[in-house]
Amino acid sequence: MRTGADIVIEGLLRAGVKTLFGLPGGMVLDIFDKLPCAPIEFFLARHEQGAAHMADGYARATGQAGVCLVTSGPGATNTVTGLATANMDGSPVVCIAGQVASPLIGNDAFQEADTVGITRAVTKHNYLVKRVEDLPRIMVEAFEIATTGKPGPVLVDVPKDIQQTACDTPFPAGMNRRGYRPDNDPDDQDIERLARAVAAARRPVFLVGGGVISGDAAAEFAAVAVKAGVPVVSTLMGLGAFPGSAPLALGMIGMHGTVAANRAASACDLVVSVGARFDDRVTGKVSTFAPHALKGHIDIDPSAIGKSVPVDFPVVGHVKIALRKLLEAVEPVARPEWLAQVSEWKARHPLTYDRSSKELLPQYVIEQIAAVTRGDALIVTDVGQHQMWAAHFYPYSKPRSFITSGGLGTMGFGLPAAIGVKAARRDQPVVLISGDGSIQMNFQELVVAVEHDLPIVVVILNNGYLGMVRQWQELFYKREYSGVRLGRDERHLNERIPATIRAAGPYRPDFVKLAEAHGALGMRVTRQDEVAPALVKALAAGRPVVVECLVRAEENVFPIVPPGKALNELLQGLA
Amino acid sequence: MKKHIITALVENQPGVLARVVGLISGRGYNIETLNVGPTNDPTVSRMTMQVPGDNRVLEQVTRQLGKLVDVIDVTDLTSAPCVNQECLLVKLAATHAQHAAIAALTERFGGRVLASQTDAMIVQLTGDSKQIVDFIDLLAPFRMLDISRSGIIAIARGGRP
Numbered sequence: 001m002r003t004g005a006d007i008v009i010e011g012l013l014r015a016g017v018k019t020l021f022g023l024p025g026g027m028v029l030d031i032f033d034k035l036p037c038a039p040i041e042f043f044l045a046r047h048e049q050g051a052a053h054m055a056d057g058y059a060r061a062t063g064q065a066g067v068c069l070v071t072s073g074p075g076a077t078n079t080v081t082g083l084a085t086a087n088m089d090g091s092p093v094v095c096i097a098g099q100v101a102s103p104l105i106g107n108d109a110f111q112e113a114d115t116v117g118i119t120r121a122v123t124k125h126n127y128l129v130k131r132v133e134d135l136p137r138i139m140v141e142a143f144e145i146a147t148t149g150k151p152g153p154v155l156v157d158v159p160k161d162i163q164q165t166a167c168d169t170p171f172p173a174g175m176n177r178r179g180y181r182p183d184n185d186p187d188d189q190d191i192e193r194l195a196r197a198v199a200a201a202r203r204p205v206f207l208v209g210g211g212v213i214s215g216d217a218a219a220e221f222a223a224v225a226v227k228a229g230v231p232v233v234s235t236l237m238g239l240g241a242f243p244g245s246a247p248l249a250l251g252m253i254g255m256h257g258t259v260a261a262n263r264a265a266s267a268c269d270l271v272v273s274v275g276a277r278f279d280d281r282v283t284g285k286v287s288t289f290a291p292h293a294l295k296g297h298i299d300i301d302p303s304a305i306g307k308s309v310p311v312d313f314p315v316v317g318h319v320k321i322a323l324r325k326l327l328e329a330v331e332p333v334a335r336p337e338w339l340a341q342v343s344e345w346k347a348r349h350p351l352t353y354d355r356s357s358k359e360l361l362p363q364y365v366i367e368q369i370a371a372v373t374r375g376d377a378l379i380v381t382d383v384g385q386h387q388m389w390a391a392h393f394y395p396y397s398k399p400r401s402f403i404t405s406g407g408l409g410t411m412g413f414g415l416p417a418a419i420g421v422k423a424a425r426r427d428q429p430v431v432l433i434s435g436d437g438s439i440q441m442n443f444q445e446l447v448v449a450v451e452h453d454l455p456i457v458v459v460i461l462n463n464g465y466l467g468m469v470r471q472w473q474e475l476f477y478k479r480e481y482s483g484v485r486l487g488r489d490e491r492h493l494n495e496r497i498p499a500t501i502r503a504a505g506p507y508r509p510d511f512v513k514l515a516e517a518h519g520a521l522g523m524r525v526t527r528q529d530e531v532a533p534a535l536v537k538a539l540a541a542g543r544p545v546v547v548e549c550l551v552r553a554e555e556n557v558f559p560i561v562p563p564g565k566a567l568n569e570l571l572q573g574l575a
Numbered sequence: 576m577k578k579h580i581i582t583a584l585v586e587n588q589p590g591v592l593a594r595v596v597g598l599i600s601g602r603g604y605n606i607e608t609l610n611v612g613p614t615n616d617p618t619v620s621r622m623t624m625q626v627p628g629d630n631r632v633l634e635q636v637t638r639q640l641g642k643l644v645d646v647i648d649v650t651d652l653t654s655a656p657c658v659n660q661e662c663l664l665v666k667l668a669a670t671h672a673q674h675a676a677i678a679a680l681t682e683r684f685g686g687r688v689l690a691s692q693t694d695a696m697i698v699q700l701t702g703d704s705k706q707i708v709d710f711i712d713l714l715a716p717f718r719m720l721d722i723s724r725s726g727i728i729a730i731a732r733g734g735r736p
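So the protein sequences, as listed, match chains B and U. Read in our numbering, the first sequence has 575 at position 575, and its numbers run on one by one without any break. Read in our numbering, the second sequence has 624 at position 49, and its numbers run on one by one without any break.
Please keep in mind that the hints were generated in silico from the structure rather than gathered at the bench. Here a beta-carbon is modelled for each residue, glycine too, at the ideal position from N, C-alpha and C. Errors might be hidden in some of the hints.
With beta-carbon atoms standing in for the labels, derived distance ranges [claimed, not checked]:
(1) Glu495/B x Arg602/U: 32 to 38 angstroms
(2) Gly483/B x Asn605/U: 32 to 38 angstroms
(3) Met1/B x Ser704/U: 54 to 60 angstroms
(4) Pro291/B x Gln699/U: 51 to 57 angstroms
(5) Lys227/B x Arg602/U: 37 to 43 angstroms
(6) Asp629/U x Pro291/B: 46 to 52 angstroms
(7) Leu689/U x Met1/B: 55 to 61 angstroms
(8) Arg724/U x Met1/B: 50 to 56 angstroms
Reference listing, derived: stretches of chain B covered by chain U, where coverage requires no fewer than 3 residues with Cβ under 8 angstroms from a Cβ of chain U [as the list claims (entries may be wrong)]:
(9) 175-184
(10) 296-304
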């Protein structure tokens, strides 16, 4: 007898799912009961947030849906941050959640939560299954919606009685919903207008975003940029979409963008966003963004166009199709003065740091990771200073090689995401760059990497602070370090650790011991000359490794555009 | 601030209203009036909303609504040729001596007296927003006990659906 639980499994298999992340519980037992017979590898996360980030990491590394399976109530609510993270970055995650039996819904039953209500604002779409006959259709739609148009997370809430009910309703051949028709094919006239604008521009810039990566259009983008001879700036999410080493590449734009990218955006007469949504971290003060420029925007999401910046040349459609058409339409134009200008900015203001320092600096560690991996690893990050240094000092040349929580900025994303990435790409070295703040948010998932023999390398840049917050307090709050010290020294009175509480050392917890307690290899690095050997050893270890690097405490990320300022008002630090 | 009339055809399914309302309120926009009812296709409902805001804000609202899987079609009728109507029910404290005056005023606006009691009257008026507001203004001399407005419903002119 085929039950709702069988239909869920069949739906996963039909969607090509081979990998599943999750955590069981009372209201999802019937689905778990069927799992051992299915050809699906199951990763037992230790927290449902971890399961959601693992699915997200898997999705970002492959472009295919990443799937997590959790129970009702707290199981489902624990996925909310993971779903919101995927939602902001357009990552195709499918979350299957158990729910209390239909007659109990609304009764405040044990482990009941209004899961569709709670997740409505953080998913692309969600379903509460009310009739088992709807389940085959809903499973098909969930994967279709998650992976098409602008990708995003979909949650399916399956009450326990639905899982148990027999049903022989067949799966539909495909999705047919009158309210969901992604507008893939761009209008030819819009392409023509954009191409003419590019040809007419004297100082054009392309702004490449995560859409080029999720749309698998990196090759098309590079072809257009090279043919049109237009310099390229990238969002954080766009890193890897266009080779950072290319002559036309000016690096990252925005709050922590390069001088060249931010000056180019400020001076250009045309900026064309390709799969980037003019996020506030990209534009700086929006009224001053690219003030002399006409704006073009290619996006699959019509609501992204004109949302924050008025757009003169909109193109709605799949970025791959749009770029193919644009490649036909654009003409090569020589702009020697403009290219010389941006090249000069690029040459004169490279990203840099205090290279003469004898101290261990976080940027140095990242450069060493790049050297040891020859720039060929998949880099995953958490959120904060280390994330920006990872964006600055690792050369990304391929799409899906830089996996980071850009939109929501979720600390704790990194470790579970790295597990999802490695589960999908076992052939590739995966290095997580994290901080001592972020890593503590989901450290428990390290055991999953150990259990599944996923030899990820976790590099913790330990500066004893919630570093990015500390940097803001230093620069914008008169160095009032409130609530940011992770070590015990120099804390304010209201957060002081009494001397009677003896910590093991200046840094707590002991990440080396913590790694070992989880079955991973732990190493601690305190000097520059120890970094490369430790990384070589870690990458060759064949098992999960944590490399804790004790770095300079009060190092800052530069350049920085202060909040509310224009992109050309950046603070350069050392540059 | 200009008031926009947004009309949406949506799947007639549970939870769709919450999706639409949640999307609008979640982005900090205010819904002034809202009306939902079935259409001649029983699987489709029509929602009509009045949302104050400038054109750019409302363009965002309509595009965001259009992204919802359960929203089949969404239109901003504000500058389109359309008819829009609202229904008003008012309960007034009315002495016997006031009944005739209230009835006359109501009839002058094309409304109807739905109930007359010794101490109160209930009247109904259907009209566009201006008529409704004018009528309420003219009722000021009387004591209003209760008021219920349907919110605007609207339909585009012309020969297309």
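A quick look at each hint next to the structure:
At roughly 36 angstroms, the beta carbons of Glu495/B and Arg602/U sit within the given window of 32 to 38 angstroms. In this structure the supplied range 32 to 38 angstroms holds for Gly483/B paired with Asn605/U, their Cβ-Cβ distance being about 35 angstroms. In this structure, Met1/B and Ser704/U meet the distance hint of 54 to 60 angstroms, their C-beta atoms being roughly 58 angstroms apart. Pro291/B and Gln699/U have their C-beta atoms about 56 angstroms apart, which keeps the hinted 51 to 57 angstroms range intact.
Checked against the hint of 37 to 43 angstroms, the C-beta distance between Lys227/B and Arg602/U comes to roughly 39 angstroms, which is consistent with it. Asp629/U and Pro291/B have their C-beta atoms about 22 angstroms apart, which leaves the hinted 46 to 52 angstroms range violated. Between Leu689/U and Met1/B the beta carbons are some 57 angstroms apart, a value that agrees with the proposed interval 55 to 61 angstroms. Take Arg724/U and Met1/B: their Cβ atoms lie about 54 angstroms apart, and the range 50 to 56 angstroms holds.
Counting residues of the segment 175-184 of chain B whose beta-carbon sits less than 8 angstroms from any beta-carbon of chain U gives 4, enough to reach three: the coverage restraint holds. Given a C-beta distance limit of less than 8 angstroms, the hint that chain U covers the segment 296-304 of chain B holds, as 3 residues qualify and 3 suffice.
Checked against the numbered hints given earlier, the structure breaks only hint 6 and satisfies all the rest.
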